[in-house]
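Peer 1: Numbering (the working numbering), first residue to last: 631 to 870.
Hints are supplied without guarantee of correctness; some may be wrong.
[Claimed, not checked] Under the rule of at most 25 angstroms between Cα atoms (straight-line distance), these lysine-lysine pairs were calculated in the PhoX-like manner:
no., residue 1, residue 2
1, K755, K678
2, K806, K816
3, K816, K755
4, K773, K678
It should be emphasised that the hints constitute simulated quantities derived from the structure, not laboratory data.
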Amino acid sequence: MKTCSQSTKRFLILFIVIILTFGVTGCMNNQPSREVVTAEILAHLYEKYGVEFTVIDHVRGNGFTDLHVYPVDGCPIADRVRARRITYTYSDEVWFDDNFFGILIREDVEADILSMLDEFLLEMKVFFHPSSTPFPRMFDGTKTYADLLQWMNEGNHWSFRISIVIPANSLNDTEKEEYAEQIFNKLQVSGFVGSAMIRFSSNEIFERFTRANYNEFTGTYREVVSSFPLGNINLGNNRN
Numbered sequence: 631m632k633t634c635s636q637s638t639k640r641f642l643i644l645f646i647v648i649i650l651t652f653g654v655t656g657c658m659n660n661q662p663s664r665e666v667v668t669a670e671i672l673a674h675l676y677e678k679y680g681v682e683f684t685v686i687d688h689v690r691g692n693g694f695t696d697l698h699v700y701p702v703d704g705c706p707i708a709d710r711v712r713a714r715r716i717t718y719t720y721s722d723e724v725w726f727d728d729n730f731f732g733i734l735i736r737e738d739v740e741a742d743i744l745s746m747l748d749e750f751l752l753e754m755k756v757f758f759h760p761s762s763t764p765f766p767r768m769f770d771g772t773k774t775y776a777d778l779l780q781w782m783n784e785g786n787h788w789s790f791r792i793s794i795v796i797p798a799n800s801l802n803d804t805e806k807e808e809y810a811e812q813i814f815n816k817l818q819v820s821g822f823v824g825s826a827m828i829r830f831s832s833n834e835i836f837e838r839f840t841r842a843n844y845n846e847f848t849g850t851y852r853e854v855v856s857s858f859p860l861g862n863i864n865l866g867n868n869r870n
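Kindly produce the complete structure, drawing on both the sequences and the hints.
Peer 2: Below, the structure written as structure tokens:
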């Protein structure tokens with residue numbers, strides 16, 4: 631059997647490297663510039679929600695570009711949004727998705743949870759954490775939390791992730807556990823779908839808890855925050 635000489639092998643390897651280099655460069659050159667993609671995503675967000683956004687950062691991957699943005703009148707920490715532009719190798723079509731709808735409905739979700747738990751006569755704060763998973767594209771600036779619940783009641787699935795913070799200077803550990811179990815049961819019978827975390831904090835920390843510093847207090851101040859993960863509650867979509 632004949633074998634390639636060393637010089638022939640080196641030539642073939644060099645030839646393959648050159649082809650791959652020019653091929654990758656060509657593909658990269660066919661992609662829109664960072665400025666163009668950023669402008670496209672911001673234009674899509676404005677068309678969808680009628681809101682202007684400020685860019686935090688820009689991440690480009692294989693077939694997608696992510697922008698992390700926040701509304702121009704919002705907070706870069708509490709109102710952080712992931713908006714994505716997607717292209718597919720088998721199609722020239724461009725897709726966009728984002729999770730801003732979760733921020734639009736956030737206060738309504740939190741008010742709904744508080745209304746479920748008002749029988750406990752406990753002071754509490756509820757924080758809804760919008761997932762990075764995008765909502766279905768039909769949920770734009772014209773839709774509401776009520777529209778989402780109706781869509782779920784029609785047999786579609788969506789889950790919520792919430793945290794409940796309660797001041798607990800006057801509660802012992804047994805009482806905390808009892809309240810956590812009761813709150814879990816109440817969410818369950820009320821038709822909540824998703825996952826929940828209940829946190830008991832000192833009264834002082836509770837007063838300072840906000841959406842913007844939530845991660846700071848659940849990290850730096852762990853010694854004064856008792857956490858009870860309530861887990862996943864998936865009961866079907868029986869919300870009114």
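Peer 1: Indicate, hint by hint, whether the structure satisfies it.
Peer 2: Do the hints match the structure? See the list:
1. K755 to K678: violated (30 angstroms)
2. K806 to K816: Since the Cα atoms of K806 and K816 sit roughly 15 angstroms apart, the hinted pair holds (cutoff 25 angstroms).
3. K816 to K755: holds (16 angstroms)
4. K773 to K678: holds (11 angstroms)
Hint 1 from the earlier list is the only one contradicted by this structure; the remaining hints agree with it.
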